[in-house]
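**Q** Sequence:
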Amino acid sequence: QLQASGGGSVQPGGSLRLSCAASESIFRRYNMAWYRQRPGEARELVAAISIAYVTYYSESVQGRSNISRDVATNTMYLQINTLKPEDTAVYYCSRGRTWPRPSDYWGQGTLVTVSS
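Under our numbering, the first residue of the sequence shown is numbered 15, with each subsequent residue one higher.
One or more hints might be untrue.
To be verified - Here are the computed distance ranges between Cβ atoms for each label pair:
| id | residue 1 | residue 2 | range |
| --- | --- | --- | --- |
| 1 | P99 | E38 | 31 to 41 Å |
| 2 | R78 | S19 | 32 to 42 Å |
| 3 | E55 | V85 | 31 to 41 Å |
| 4 | S82 | T112 | 34 to 44 Å |
| 5 | R111 | P26 | 35 to 45 Å |
| 6 | S72 | S19 | 18 to 28 Å |
| 7 | G28 | D118 | 16 to 26 Å |
| 8 | S29 | R52 | 15 to 25 Å |
Since the hints were derived computationally from the structure, they do not count as laboratory data.
Just so it is clear, CB atoms sit at the ideal spot from N, CA and C, and this is done for glycine as well.
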């Protein structure tokens, strides 16, 4: 199972860190990723991190975000800085065997709202 948390309301220019807790068996065996879905739009890949800690970022967050995974706590993180209103979305964590779009299984989403 995947449990996402850390969403909330943030002003433009602010930062947020999302967390995704996973079981040890999932964490050690799968690539993982963050996707997001804006209202009325399709779900899109935001960032991914492989079992080997290789990372991938979409152009929309490249340079202002950091994805990481902590094997000690079986938790994946996504830090996004300089948030923009267009970052408003429901963020989902996922796991899978494909790269860079692991998507075999989804957790529930966490809502991020960027607004002044």
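**Q** Can you give the numbers of the hints that this structure goes against, from lowest to highest?
**A** Of the numbered hints given earlier, those the structure breaks are 2, 4 and 7, listed in rising order.
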